[in-house]
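A.B. asks: Residue numbering for the sequence shown follows the numbering used here, starting at 62 and increasing by one per position.
Be aware that one or more of the hints could be misleading.
Dumping the calculated EDC-like pairs for lysine to aspartate or glutamate here, alpha-carbon to alpha-carbon at most 20 Å [stated by the list, open to error]:
#, residue 1, residue 2
1, K101, E115
2, K101, E117
3, K101, E67
4, K64, E82
5, K78, E88
6, K101, E88
Computed Cβ-Cβ distance ranges for the label pairs, DEER-style [what the hints assert, rightly or not]:
#, residue 1, residue 2, range
7, E82, R110, 24 to 32 Å
8, Y103, R80, 12 to 20 Å
9, R98, L72, 18 to 26 Å
10, Q83, E115, 28 to 36 Å
11, I71, I105, 13 to 21 Å
12, Q79, I100, 17 to 25 Å
Just so you know, the hints here were simulated from the structure itself, not pulled from any lab data.
Backbone N, C-alpha and C define an ideal beta-carbon position, used for all residues, glycine too.
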Amino acid sequence: MQKNTERLTILIAPSTKQRLEQVAEEEDKTTSQIIRRLIKLYLIEAETRRLTGEPE
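Let's have the full structure, built from the sequences with the hints guiding it.
C.D. replies: Structure, rendered in structure tokens:
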């Protein structure tokens, strides 16, 4: 069986984790779902900046 995901370990402040878990619960999502979406959005924005020559 081929995996289509990989594990990524990050360190965040306990207060940030608590806020993330609260939002996830309110939105009926997992923290992983939220983080995956945020990463996708960041990568799209980074690619757009690269293509348009905009600074970060």
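A.B. asks: Could you work out which of the previously given hints the structure breaks and list their numbers from low to high?
C.D. replies: 4
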